[in-house]
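Here is what each chain is made of, one letter per residue.
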Amino acid sequence: MQAHAFRLTPGTDLKEALERITDAHALRAGCVLTCVGSLSQARLRMPGAAGEEDLFTTFAGPMEIVSLVGTLGPDGLHVHISLSGRDGVCVGGHLVRGCIVHTTAELVIGELPQVEFRRVQDEETGYLELSVQPRPSDGAP
Amino acid sequence: MQAHAFRLTPGTDLKEALERITDAHALRAGCVLTCVGSLSQARLRMPGAAGEEDLFTTFAGPMEIVSLVGTLGPDGLHVHISLSGRDGVCVGGHLVRGCIVHTTAELVIGELPQVEFRRVQDEETGYLELSVQPRPSDGAP
Amino acid sequence: MQAHAFRLTPGTDLKEALERITDAHALRAGCVLTCVGSLSQARLRMPGAAGEEDLFTTFAGPMEIVSLVGTLGPDGLHVHISLSGRDGVCVGGHLVRGCIVHTTAELVIGELPQVEFRRVQDEETGYLELSVQPRPSDGAP
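Protein chains in written order, with the working numbering: chain A, 1399 to 1539; chain B, 1399 to 1539; chain C, 1399 to 1539.
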């Protein structure tokens, strides 16, 4: 596994930054290894049952990033986050645009050298789901 | 560090899947690097003081997996999880059987090539605790 | 990426242990890959707006460690944690001294071999912020 580290500055949109990193480093099978920092505000998609309408919730900060998990690849990223507020209580959900870095976000991203993360339509869930595929031989170094 | 990636499908028991992965890949010093996905229900063991009876709690989903941490090896696994509900609030605890994948769980598991995770009885805690040992020379490739 | 694994025993201060590990292994670009275990008590710094006074909160345990994220290097460490209590509810924040291991803490720490994590004064935030720098050639083994 290879790894890359970054510091994001105040005002950066976390999801957009992850998308830019994925593009700039041509990540084909990336994953979030660690992220520590803070957000000034967060917009997250909440979990829902099949058929339930998508629910997005905005949380006012500042909040500490206490976890960031997910996968990054050429067909997009899938990332969840949890955050703690001034009373310590944690909230979390599915990362969408609108999560804005407060003072910093320190990120370490890993990449698996031998596979590629693709997303293919899954009839059962209705979503584009992760498919871990061998990396084509004309691939990355 | 080597790494392996997996997608778990709806209805899979998360702990059983981690046990199967440990066996199938003969992991001797594995750790959870990232996990993103959702559960339809969760059963967790809650923390307790010495002498307190074990307490298991079931949480109804769907919930987002916002963190998964732990170690995997030939003597078993030790994994904790946190989950966010539709109101964003996070709950967590010690992973036991009964945590069922809702739409997906994307997992990246690392393996340390030079050591072995054993579990040995600890007189102080009363548990089988992690012992990080050099990997025997007749070991993995 | 290289990785090191450790088990911390009851009564250990988690932040002090991370500082000792950073020193003992001369980590120049370390990150927390996974941590599973429990605390008997926790003292955390809460997030605050610019100009707001630092707020430290103590949480009584036992609590499960459900996430630990952060970076470790020669200029110090930056680590956040989240914890679940007997009711499952999660709290979190910025790790400071006073987080005491209950039964165990199993830690896997990664190190990026080609860079160095330095901390430099940031005029915008007022903090020493992460600077990811190429590793000097007289560097680590």
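Hint data in this document are derived by calculation from the structure and do not stem from the laboratory. Some clues are possibly wrong.
As the list claims (entries may be wrong) - Simulated coverage check for chain C against chain B, where a stretch passes if three residues somewhere in it have a Cβ under 8 Å from a Cβ of chain B:
no.: 1; region: 1410-1418
no.: 2; region: 1441-1452
no.: 3; region: 1501-1512
no.: 4; region: 1515-1527
To be verified - What follows is a set of in silico ranges between Cβ atoms, one per label pair, in the way DEER data are often shown:
no.: 5; chain 1: A; residue 1: T1456; chain 2: C; residue 2: T1523; range: 19 to 25 Å
no.: 6; chain 1: C; residue 1: P1511; chain 2: A; residue 2: S1529; range: 27 to 33 Å
no.: 7; chain 1: C; residue 1: P1511; chain 2: B; residue 2: G1449; range: 35 to 41 Å
no.: 8; chain 1: A; residue 1: Q1531; chain 2: B; residue 2: E1414; range: 39 to 45 Å
no.: 9; chain 1: C; residue 1: A1424; chain 2: B; residue 2: L1526; range: 28 to 34 Å
no.: 10; chain 1: B; residue 1: A1458; chain 2: A; residue 2: V1518; range: 45 to 51 Å
no.: 11; chain 1: A; residue 1: A1458; chain 2: C; residue 2: T1523; range: 16 to 22 Å
no.: 12; chain 1: A; residue 1: A1424; chain 2: C; residue 2: Q1531; range: 19 to 25 Å
no.: 13; chain 1: B; residue 1: A1424; chain 2: C; residue 2: E1522; range: 45 to 51 Å
no.: 14; chain 1: C; residue 1: G1474; chain 2: B; residue 2: G1524; range: 33 to 39 Å
no.: 15; chain 1: A; residue 1: A1458; chain 2: B; residue 2: P1534; range: 18 to 24 Å
no.: 16; chain 1: B; residue 1: A1448; chain 2: C; residue 2: T1523; range: 39 to 45 Å
no.: 17; chain 1: B; residue 1: L1526; chain 2: C; residue 2: G1449; range: 29 to 35 Å
no.: 18; chain 1: C; residue 1: S1535; chain 2: A; residue 2: A1424; range: 23 to 29 Å
Built from N, CA and C at the ideal position, the CB exists for glycine as well.
Going through the hints against the structure:
Chain B is given as covering the region 1410-1418 of chain C, and this is violated because 0 residues of the stretch bring a CB closer than 8 Å to a CB of that chain, at least three being needed. Counting residues of the region 1441-1452 of chain C whose CB lies closer than 8 Å to any CB of chain B gives 0, so the stated coverage by that chain is violated, three being the minimum. For a cut-off of 8 Å, the count of residues in the region 1501-1512 of chain C with a CB near a CB of chain B stands at 5, and the three-residue condition holds. Taking a C-beta to C-beta cut-off of 8 Å, the region 1515-1527 of chain C contributes 0 residues in contact with chain B, too few for the three needed, and the coverage statement is violated.
Checked against the hint of 19 to 25 Å, the C-beta distance between A:T1456 and C:T1523 comes to roughly 23 Å, which is consistent with it. For the pair C:P1511 and A:S1529, the beta carbons lie near 30 Å from each other, so the given range of 27 to 33 Å is met. At roughly 46 Å, the beta carbons of C:P1511 and B:G1449 sit outside the given window of 35 to 41 Å. Between A:Q1531 and B:E1414 the beta carbon distance is about 25 Å. The supplied range of 39 to 45 Å is therefore violated.
The beta-carbon spacing between C:A1424 and B:L1526, approximately 32 Å, falls within the hinted interval of 28 to 34 Å. Taking the beta carbon of each, B:A1458 and A:V1518 are about 30 Å apart, not inside 45 to 51 Å as hinted. Evaluation of the 16 to 22 Å hint for A:A1458 and C:T1523 yields a pass: the beta carbon distance comes to about 19 Å. In this structure the hint that A:A1424 and C:Q1531 lie 19 to 25 Å apart at CB holds, the actual value being about 23 Å.
Checked against the given bound of 45 to 51 Å, the beta carbons of B:A1424 and C:E1522, roughly 49 Å apart, stay inside it. Here the CB-CB span from C:G1474 to B:G1524 is close to 36 Å, well matched to the stated 33 to 39 Å. Between A:A1458 and B:P1534 the beta carbon distance is about 54 Å. The supplied range of 18 to 24 Å is therefore violated. A hinted range of 39 to 45 Å for the beta carbons of B:A1448 and C:T1523 is consistent with their spacing of about 42 Å.
One distance hint, 29 to 35 Å for the beta-carbon pair B:L1526 and C:G1449, is violated here, with the actual separation near 49 Å. At roughly 27 Å, the beta-carbon separation of C:S1535 and A:A1424 lies within the given 23 to 29 Å, and the hint holds.
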